[in-house]
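Participant: If you want my numbering, it's the position in the sequence shown, counting the first as 1, plus 341.
A portion of the hints provided could be inaccurate.
[Stated by the list, open to error] Think about it this way: if two alpha-carbon atoms lie no more than 35 Å apart in a straight line, the pair counts; the simulated DSBU-like pairs of lysine-lysine are: (1) 406 / 353; (2) 406 / 483; (3) 353 / 395; (4) 343 / 389; (5) 406 / 394; (6) 343 / 483; (7) 394 / 483; (8) 343 / 394; (9) 395 / 406; (10) 389 / 353; (11) 343 / 414; (12) 414 / 395; (13) 414 / 394; (14) 343 / 406; (15) 483 / 414; (16) 414 / 389; (17) 414 / 353.
[Claimed, not checked] Quick list of simulated restraints, FRET-style, between CB atoms: (18) 405 / 479: 33 to 41 Å; (19) 344 / 398: 36 to 44 Å; (20) 395 / 367: 17 to 25 Å; (21) 361 / 438: 32 to 40 Å; (22) 351 / 392: 20 to 28 Å; (23) 470 / 412: 17 to 25 Å; (24) 434 / 344: 29 to 37 Å; (25) 488 / 412: 25 to 33 Å; (26) 404 / 345: 27 to 35 Å; (27) 469 / 362: 20 to 28 Å.
Calculated from the structure, these hints are not laboratory results. The C-beta atom is built at its ideal place from N, Cα and C for all residues, glycine as well.
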Amino acid sequence: MKFEIHSLQETKNFAQAMAARIQGHDLVVCLSGDLGAGKTTWTQTFGKALGVKKVINSPTFNIMKAYRQGDGKPFYHIDAYRLEGIDQDLGFEECFDEGICVVEWSHFIDNQIPDDHIEIRILEGIGEERSIEMTGLGEQSKTIVEEYEHDHIMHG
């Protein structure tokens, strides 16, 4: 699905709406977009909506940070930007198997991403405007994206 976002608040609303749909599932969300497109802002809002209490910031130098959701399940945030060209298995399976994992720059480790995942592409516009492209790959992810799309059409 594709849609437009016109403000930072709408970006946060989108992240909160997705958190409400994904909470309770074990799922990977892959975020892509240029530097400054809003990937980290989206992830911070998404994590907070899942009940993460700690400050979520970009794990650019650490590659991965682990948090706890409000229900105690893990929430992982991976920034794969520095992994370009690394072909070895980095052991992210544990992050992908339990809880929710957001992966920025996932195309650098796409051979390790599970088949069932959600892809969100954030394209910069003018000012705070963004174009969003979201795809669910796999049964669980397709259902979540279809539910969001239905609600988005019905309620704007």
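Participant: Does each hint hold? Answer for all of them.
Facilitator: Now for the hints, and whether the structure bears them out:
1. 406 / 353: holds, 21 Å
2. 406 / 483: With Cα atoms ~27 Å apart, residue 406 and residue 483 stay inside 35 Å; holds.
3. 353 / 395: This hinted pair holds, its Cα atoms lying about 18 Å apart.
4. 343 / 389: holds, 24 Å
5. 406 / 394: holds, 14 Å
6. 343 / 483: Answer holds: residue 343 to residue 483 is near 14 Å, not above 35 Å.
7. 394 / 483: holds, 29 Å
8. 343 / 394: Holds: residue 343 and residue 394 sit about 31 Å apart, inside 35 Å.
9. 395 / 406: holds, 11 Å
10. 389 / 353: Distance of about 10 Å is within 35 Å: holds.
11. 343 / 414: holds, 30 Å
12. 414 / 395: Holds, because 14 Å separates the two Cα atoms, which is no more than 35 Å.
13. 414 / 394: holds, 13 Å
14. 343 / 406: Holds, at about 29 Å.
15. 483 / 414: Holds. Residue 483 to residue 414 sits at ~22 Å (cutoff 35 Å).
16. 414 / 389: holds, 14 Å
17. 414 / 353: Since the Cα atoms of residue 414 and residue 353 sit roughly 22 Å apart, the hinted pair holds (cutoff 35 Å).
18. 405 / 479: 33 to 41 Å: violated, 22 Å
19. 344 / 398: 36 to 44 Å: violated, 27 Å
20. 395 / 367: 17 to 25 Å: Holds, since residue 395 and residue 367 (Cβ atoms, about 21 Å apart) stay within the stated range.
21. 361 / 438: 32 to 40 Å: violated, 22 Å
22. 351 / 392: 20 to 28 Å: Cβ of residue 351 to Cβ of residue 392: about 22 Å, so the range 20 to 28 Å holds.
23. 470 / 412: 17 to 25 Å: For residue 470 and residue 412 the Cβ distance comes to about 34 Å; the hint is violated.
24. 434 / 344: 29 to 37 Å: holds, 32 Å
25. 488 / 412: 25 to 33 Å: Violated: the Cβ-Cβ distance is about 20 Å, outside 25 to 33 Å.
26. 404 / 345: 27 to 35 Å: Hint holds: Cβ distance 32 Å, inside 27 to 35 Å.
27. 469 / 362: 20 to 28 Å: holds, 23 Å
Checked against the numbered hints above, the structure violates hints 18, 19, 21, 23 and 25; every other hint is satisfied.
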